[in-house]
Amino acid sequence: MFSRGYRLAVTVPPLAWVVLFLFVPYLLMFCYSFWSVSSSQTIVHSWTFDNYRQLVTVDVYWQTLLRSMWIAARVMLFSLLLGYPLAYFLSFHAGRCKDLYYQLVIIPLWVSYLVRAYAWKTILGSDGVLNTLLQYVHLTSHPLEFLLYSPFAVVLTLTHIYTPFTILPIYASLEHIPRNLVEASHDLGASPFETFWRVILPLSIPGVIAGATFAFVLSLGDFLAPLLLGGPSGVMISNIVVSLFGAAYNWPLGAAISLCMLVLVVTLLFLSERIEKRWSFS
Amino acid sequence: MSSPDATREFGVRWLLAYTMAVFAFLYLPIAILIVYSFNGAGVGGFPPRDLTLQWYRILFQDGAIWESVGNSLLVALCAMVIALLLGIPAALALDRAAFPGKALFRRLVLLPLILPGIITGLSLLMFFNFNSVKLSLVTIVLGHGTALISVATTEVFAGLQKLDRVQEEASLDLGANYWQTFWRVTLPNLRLPIIGAALLIFTLSMDEIAVSFFLIGRDNTLPLEIWGRLRRGITPEINAISAIIFVFSMLAIVMWYRLRVRAEGSPEIAAELVETAVQGD
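Chains as they are written, first to last, in the numbering used here: chain R, 1 to 282; chain H, 1 to 281.
If you are wondering where the hints come from, they were derived from the structure by calculation, not from laboratory data. Misleading hints may appear alongside valid ones.
Listed next, the in silico SDA-like pairs over lysine to any residue satisfying Cα-Cα at most 20 Å (straight line) [unchecked claim]: (1) R/K277 <-> H/L104; (2) R/K277 <-> R/L188; (3) H/K102 <-> R/V19; (4) R/K98 <-> H/E9.
Derived DEER-like restraints, expressed as beta-carbon distance ranges [stated by the list, open to error]: (5) R/V58 <-> H/A21: 40 to 46 Å; (6) H/W14 <-> R/L188: 33 to 39 Å; (7) R/W47 <-> H/P100: 26 to 32 Å; (8) R/L66 <-> H/L104: 29 to 35 Å; (9) R/F23 <-> H/K134: 19 to 25 Å.
Every value quoted in this text rests on a predicted model; they were computed, and no experiment measured them. Where a beta carbon is used, it is the ideal one built from N, C-alpha and C, also for glycine.
The shape of chain R in the complex, shown without the other chains (with noise of 0.2 Å):
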């Protein structure tokens, strides 16, 4: 039904743009990542391996990788807890309310990351709220230094932020699930648990799969909550990689870096759709 012209005009523009601003700049982060730094500062363009060499004999590097990768399994686990029992609320039990209930979960979803990490700012200060809290009602008589700057006040904001990323595909799969078969178990005498383990959970596996993906990934490559929460100790990969841009001046390590991101999370993206596929139900 549509001609060859038409088609080629919707296709071409689009087409030609997201390569030369998404591709291209890939696959130069990519060429960037073999290069290296000579000591008058320019960027010097002969291929080595030594960035990547580098990534795994220096310690800072793979422990600090490791250890955001641990403040992301975290900050997925914790926006699971918190999600899925909301997600499944909001499909089983919300009635006239789920209009309201769903525009709540969106609001967050969208509003200005920078807002909600300030707030936590200002809650988990030494003399901010929370500790000013607690002391005025004497549960404590000096601020606790550990809620801000600390790993803890990371995990804290990007479960805050993210949460409502992994509710929506959760919300989104319970939703397929067809309501006779939750009534075809509740008739065959299953209690409502059963009902839940058996039924419910299995066919809402794509939906944590996806929310739990999208907390990881997202929170993995986060730099600006620890920038402003984290200190010392909060440090994750993506600040190592702003400063090589930065002040350290080391662009092919910190595109190394970069790609190692890149390339583990369109891995887990792949994984999570074959996974997702598995457990879908049609």
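Given the coordinates of chain R, work out where chain H should sit on it, guided by the hints.
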């Protein structure tokens, strides 16, 4: 009342309480932030005291903030135009054209939705630097525009799935050319998804910080202006501007939601957006 019903009732009540606790976790920090924007004694300290509007007064006299607001509005507007100009044809291409590498193309377009901003930002930084492009608001516009094509494409593509092709066929049969059909039939039918996408892209661009962080030149966007001040210390003035940002973003998102419900009749949409980003086909 039979026993399973009683257990269920009990369970639902707990579930409701849990849900409310999670909502409190999501909203309480923002509520506190807003309360303290009226606090005469500064950002911290419990209880809040000396309620005042002076932080807003200081904010409204702060030239640098308003200049950055102007920059952000400009960037968001331009990014919205770019994302729509490319996202609408991209959605049409995904819906109607077959070409080699289509699956890859789709993944590439959607990738910035799920990719941490640092990767998009850095790869573009290297790209601009390699081509000796000076960083400025223009590079931020290009970054936002490119990253947000994903949103435009997803939204418009969802609209296309609901579109009845019969109308377009009739238009073509009656002698209209493709261009006329696009303007008079396709585009008007996609009105709501497009307005919704525009609204969402605008809001996301206004609030964006991770990509802008690497592409910033001399002129700051609002989030980066705030970021710069945060590094020097926190002031209630930042609470005040944050409260304003929150209110405006919230209004835009609620409006977008209403539009999508009107267009689709079912409120499952944001999930769709998030899901396609992961699945990519």
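- When you take the CB atoms of H/W14 and R/L188, is the distance between them in 33 to 39 Å? Check failed, 25 Å falls outside 33 to 39 Å.
- Item | Agreement of R/K277 and H/L104 with the hint, judged by alpha carbon distance not exceeding 20 Å | 18 Å, holds
- Hinted pair R/K277 and R/L188, Cα distance within 20 Å: Given that 20 Å is the threshold and the Cα spacing comes to 28 Å, the pair is violated.
- Between R/V58 and H/A21, is the Cβ distance one that fits in 40 to 46 Å? 43 Å, holds
- Verify the proposed pairing of H/K102 with R/V19, using a straight-line Cα cut of 20 Å. At roughly 13 Å apart (the allowed maximum being 20 Å), R/V19 and H/K102 satisfy the hint.
- Cβ separation of R/F23 and H/K134, checked against the hinted range 19 to 25 Å: 23 Å, holds
- Task: Could you tell me whether the CB distance from R/L66 to H/L104 stays inside 29 to 35 Å?
- Result: Holds - the Cβ-Cβ distance for R/L66 and H/L104, about 31 Å, lies within 29 to 35 Å.
- Item | Verdict for R/W47, H/P100 (Cβ pair) under range 26 to 32 Å | Since R/W47 and H/P100 have Cβ atoms about 30 Å apart, the given range 26 to 32 Å holds.
- Message: Holds or violated: R/K98 and H/E9, Cα atoms, limit 20 Å.
- Response: 18 Å, holds
In this structure, the earlier hints numbered 2, 6 are contradicted, and the remaining ones agree with it.
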